[in-house]
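Novice: I would like the entire structure built from these sequences, with the hints used as guidance.
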Amino acid sequence: MVEEESLRVVRCGGSELNFRRAVFSVDSKYVFCVSGDFIKVYSTATEECVHILQGHRNLVTGIQLNPRNHLQLYSCSFDGTIKLWDYIDGILIKTFIVGCKLHALFALACEDSVFVIINKEKPDVFQLVSVKLPKSSSQEIEAKELSFVLDYINQSPKCIAFGNEGEYVAAVRDFYLSVYFFKKKTTSRFTLSSSRNKKHAKNNFTCVSCHPKEDCIATGHRDGKIRLWRNFDDEKKYTYTCLHWHHDLVMDLAFSVTGSSLLSGGRESVLVEWREAAEKNKEFLPRLGATIEHISVSPAGDLFCTSHSDNKLIIIHRNLEASAVIQGLVKDRNIFTGLMIDPRTKALVLNGKPGHLQFYSLQSDKQLYNLDIIQQEYINDYGLIQIELTKAAFGCYGNWLATVEQRQEKETELELQMKLWTYNKKTQGFVLNTKVNMPHEDHITALCFCNAEKSENPTLVTTSKDGHFKVWILTDDSDIYKKAVGWTCDFVGSYHKYQATNCCFSEDGSLLAVSFEEIVTIWDSETWELKCTFCQRAGKIRHLCFGRLTCSKYLLGATENGILCCWNLLSCALEWSAKLNMRVLEPDPNSENIAAISQSSTGSDLFVFRPSEPRPLYIQKNISREEVQWGVFVPRDVPESFTSEAYQWLNRSQFYFLTKSQSLLTFSTQSPEEKLTPTSKQLLAEETLPTTPFYFILGKHRQQQQDDKLNEALEDELVQLPLTENIPAISELLHTPAHVLPSASFLCSMFINSLLLSKETKSAEEIPDDVSMEEEKESVDSDEENNFTEQVQDTNNTDLGKDIIHQLSKSEEKELRKFRKVDYSWITAL
Amino acid sequence: MDAFGGPIWSMAASPSGSQLLVGCEDGSVKLFQITPDKIQFERNFDRQKSRILSLSWHPAGTHIAAGSIDYISVFDVKSGSAIHKMLVDRQYMGVSKRKCIVWGVAFLSDGTVISADSAGKVQFWDSATGTLVKNHLIADADVQSIAVSDQEDSFVVGTAEGTVFHFQLVSVTSNSSEKQWVRTKPFQHHTHDVRAVAHSPIALISGGTDTHLVIRPLMEKVEVKNYDAALRKITFPHRRLVSCAKKKQLLLFQFAHHLELWRLGSTVATGKNGDTLPLSKNADHLLHLKTKGPENIICSCISPCGSWIAYSTASRFFLYRLNYEHDNINLQRVSKMPAFLRSALQILFSEDSAKLFVASNQGSLHVIRLLEGSFKHLHTFQPQSGTVESMCLLAVSPDGNWLAASGTSAGVHVYNVKQLKLHCTVPAYNFPVTALAIAPNTNNLVIAHSDQQVFEYSIPDKQYTQWSRTIQKQGFHHLWLQRDTPITHISFHPKRPMHILLHDAYMFCIIDKSLPLPNDKTLLYNPLPPTNESDIIRRRTAHAFKISKKYKPLLFMDLLDERTLVAVERPLDDIIAQLPPPIKKKKFGT
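Those protein sequence lines, which keep their order, are chains R and F.
Take the first sequence: its position 573, counted from the start at 1, is 561 in my numbering, and no numbers get skipped.
With positions in the second sequence counted from 1, the corresponding number in my numbering is that position plus 292.
There may be inaccurate statements among the hints.
[What the hints assert, rightly or not] Pairwise CB distance ranges, derived in the manner of DEER restraints:
no., chain 1, residue 1, chain 2, residue 2, range
1, R, D15, F, G422, 53 to 61 Å
2, R, Y164, F, H530, 36 to 44 Å
3, F, L771, R, L402, 56 to 64 Å
Think of the hints as simulated: they come from the structure by calculation, not from any bench.
Treat the numbers as computed from the prediction; the structure is a model and nothing was measured.
For every residue, glycine included, the Cβ atom is placed at its ideal position computed from N, Cα and C.
Specialist: Right, dumping it as structure tokens:
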């Protein structure tokens, strides 16, 4: 039973794709990359994630094709195991338990052992050891036979390279290159003049690569030079050549399969191909968007893959043409905007590339698109003060997007710009509508849209350190056709010249709360009159939010001194206050719940509560050891049904949060094995269905299942899970890889049969979208009721689950009534 | 001897040394036979279309490669016919240049021909088949020179961008015998064209338009990390180019093709130490003496009285008599030079200007008595039997009794001028002598060697002086031994017998023999001690070497009289300003 499982904090996608070099399959059809605890298998042609190989319990640190069976993949992880996978079917074949943290993996064709980087004694001293992989038929094998190869090496696998079919291994660290010859069992060591000499101050080695055919080692350096070492079996007669194009450190090097060319990349975001290792003969692939961190070459030689610091893989053709981009969550920058949900795509929206907003799909762990906000060429250089995208907000169901960018070179020179973007249905994207230069005299501290349904005119409020808050409304922009619209400032408010720090609209949009340092002011949004003020003298207000639904008469404020206050708007009095050092205060848009994350010396704790009572619904201590910066509730497409009171706050929405090291985490009761694939795959299948007749069939099925379950028993499993189980034909059709499917004619009868059978069991019903609409309407109704009757409704003991039944049964009636009118004309089209 | 082919662009001696190849403007390659007494024309090779710019012999002497414009020809020496004509690509980075000049070729014993051309390419050709084997594009400008090591495992090329590239023959993999040529290290020590390169067993030597000679040691060939392992950059010849007539305050400057005579200016003003005084009388350019013919001046000298000037080119010796009539100068050439005075390596006048000493390039030393308008040959010191080494440094004692002469390697010979016989020979030393001088009164010979050692040898006693023995026992200061340029001139103060004045290109030094010698712990280059310190402290910190680095590069420095010192500085900027502009290269970040 799901409810018995405990709630755990899980990493939810968004992990680094660029942590290690990507690996190509032999036929170049797939590219593998590590992604947190998983290995992802992408198709090089379609950019789609084909498989996720899961099984490691910690960060995967290295992958390599099995040199003796190119349909298998080795992987190693911090959990101390080496696993062998069948990547075509996504099956774990074997697990070798080594026992200590493995930092990198190298597999050679000629040996029955693999090489791994471990650190045994001191934390920063790493060794290269070979691990003998015993032959055994069992699934889990202990592999404890380690033999030591090199000591005191760099932990990064970029600093180790095997050459000439495993005859020697080259390792670089700091200022020296050491080459170990396996046959002779000797080590040659070459040292470059170190930093004492000013001219050679940046001589450090950064990466190494070995020529596949010749005895030639290429090393990258911090000053941008590439050295090609030869004759390195003789410590006296060794010689090297320099290639110099990069102006900053060389991040990675790779030889092509034949060794005729050398690829290099770095912070310039340009892939350089050195042909025949000649300085004058080089080709470039510029404008790759972000620092190249890794370069890999496919064994067939037709593709290259570059991993970039913005969590992106680019598949590049041999002729230096980028052919595919696999983009994960961009993570290498400060998040100023916080986490937002795009109401249209349900994508997570946050700062992405410099000057961009990224739209990231949580389900498919993929970036949907980038919106260029600043629209200026980004110049990557140290010490340059860049324009920063600091604030963003969605309004009116995703029709409007407001962004604020700023650049401050000196104390007195502040450049501010606010942009308002409208969603264009034709282009399916945001188009710049209004640009406001210097909307305020000082930094903008907050902005929010009035998202009330009844408000006919979109309204935006900005608060600033200059002591004012401004109300912006959409007006006719005096176009001769009277068609263009634009935003203008409608009202400027202030309160005793205090800095305005936060603003928030009540759910119905009738009230606006603006905090001025320690004081909260309430304004009527119709007339912009100051209604009342609250002041607790408990420090500056850091967070401000209204309660929702039944709790909409409450206003919450968290102060810098660690006090959480809850005011009753009807009595204009403090309802309760609690001592909490709040970092995140995030209301759930679908319920009364509010999530708060507090920071203490030991870690961050999560509290979920309703404003109507100070006692939290749910507490989870130590959700993260580091500071949590942002959190957001993401509405679920399909509500969950946790019966346990403690988890009910997760029924309608899922809570995601971002820590200081920018790992995106969430709460889940599922075990990690079943966490991602079933749901994500199903959603993928369902979402991708266009509204064809086939969709209606599936949609009805789902509805059926849902109703079945809800009517039968509440303490059932996940609502959407039975779908695939009950109709095996469909699941088979949708979830088996296309290349192993039998012919369509063979499947057809089975598929039709399955549909016929299920259709007999229940009558068709409405599509689920309507249900949610009903729900919302209802909740709004009750909300308004609360406001008008000024009654305090006690919703605490109402079970959310019962609520759903009640509503569903009601809606069911309506739908049944509507059902008669449903058009079945499409059947004729079949 | 005329080759009858127009200007000669290239020459190459055969590996055996008995034959000489000449490449001419009209495209002909001519072979000459070299015998001990003459050079004799032997044969013509097949005539080519355009001028022959480079030539190289196969080490076996059977074939030659000739670089021309747009192609390289391979000739068979026996038949004299061209076997292959290898066309060089004119293309340069996709841009077609008008012509591709093959500036240098090298024939290796395995039959490979390496060519260096004006399109910036170094190419490897198979002379048996006449095909291109490998192409290295190394520069945006011409590759102008090439030199191969004796082992044929490495070679060096110089480009017009001032870069010298080193190529090495390395094995492809450690367990295979296959080898390939790989460009290894570039050296950028020149600003202008590198016109000539040489490959010694332990160093790469390059020189060009920017007037520097650079010796870059190959670290892998250097056995011990001594001073030879350091990079050397030589700007000025290690010889005296300025001579001085002390009494008349005249300076004679030797240039490649002319001599200039200047009279020093003077001042009547006085000032403090460190002041620059205004000139009351400007320096006069008295004479500009141009040589006849294309030959360079080897050596020159002006007599101490200022009335004689002698100089020598490679084949002729000139002696002039100067007459001063107020401000006018009357120059009179002394004609009818004897046959033995064909050329000289060093010329020296005695202190009283009555005698002329000429070191000829056959190793003999001529002593000539100068009379008003004529001269008389007194004696010739013949070289010791068995040695053919010629003397290149001379020194005469102020009293005119002793003449010291030194060759490039053997010891210094001291002759008695009065008795016209060899007095003694200073024991031979491993390093060549760079400067010689005989002190007045004591007749101590001071010898400076290229390893920066300084010896003092007493001519009357025929042995090293006590001071010299002391300093040899204690050893010179390590900073003194690490100096880069040799001492080119030694002189003495007439009133201070304990002082030796000497200088190299970067410093001027007075050695005070009465003061204690510095050891490695003391400061060698002592800045002027602060004036407020007492004499005792100053005396305590003082040591024998008083060094001034105020003037550099210093070409000449000498005492005119007891109170006047003349220093000749040749600023490098002046030389660079006269050079053609270097090839423009975009520098990153500018």
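Novice: Hint by hint, say whether it matches the structure.
Specialist: Taking the hints in turn, this is what the structure says about them:
no.: 1; hint: R:D15 <-> F:G422: 53 to 61 Å; result: violated (43 Å)
no.: 2; hint: R:Y164 <-> F:H530: 36 to 44 Å; result: holds (40 Å)
no.: 3; hint: F:L771 <-> R:L402: 56 to 64 Å; result: holds (58 Å)
Of the numbered hints stated above, the single one contradicted by the structure is hint 1.
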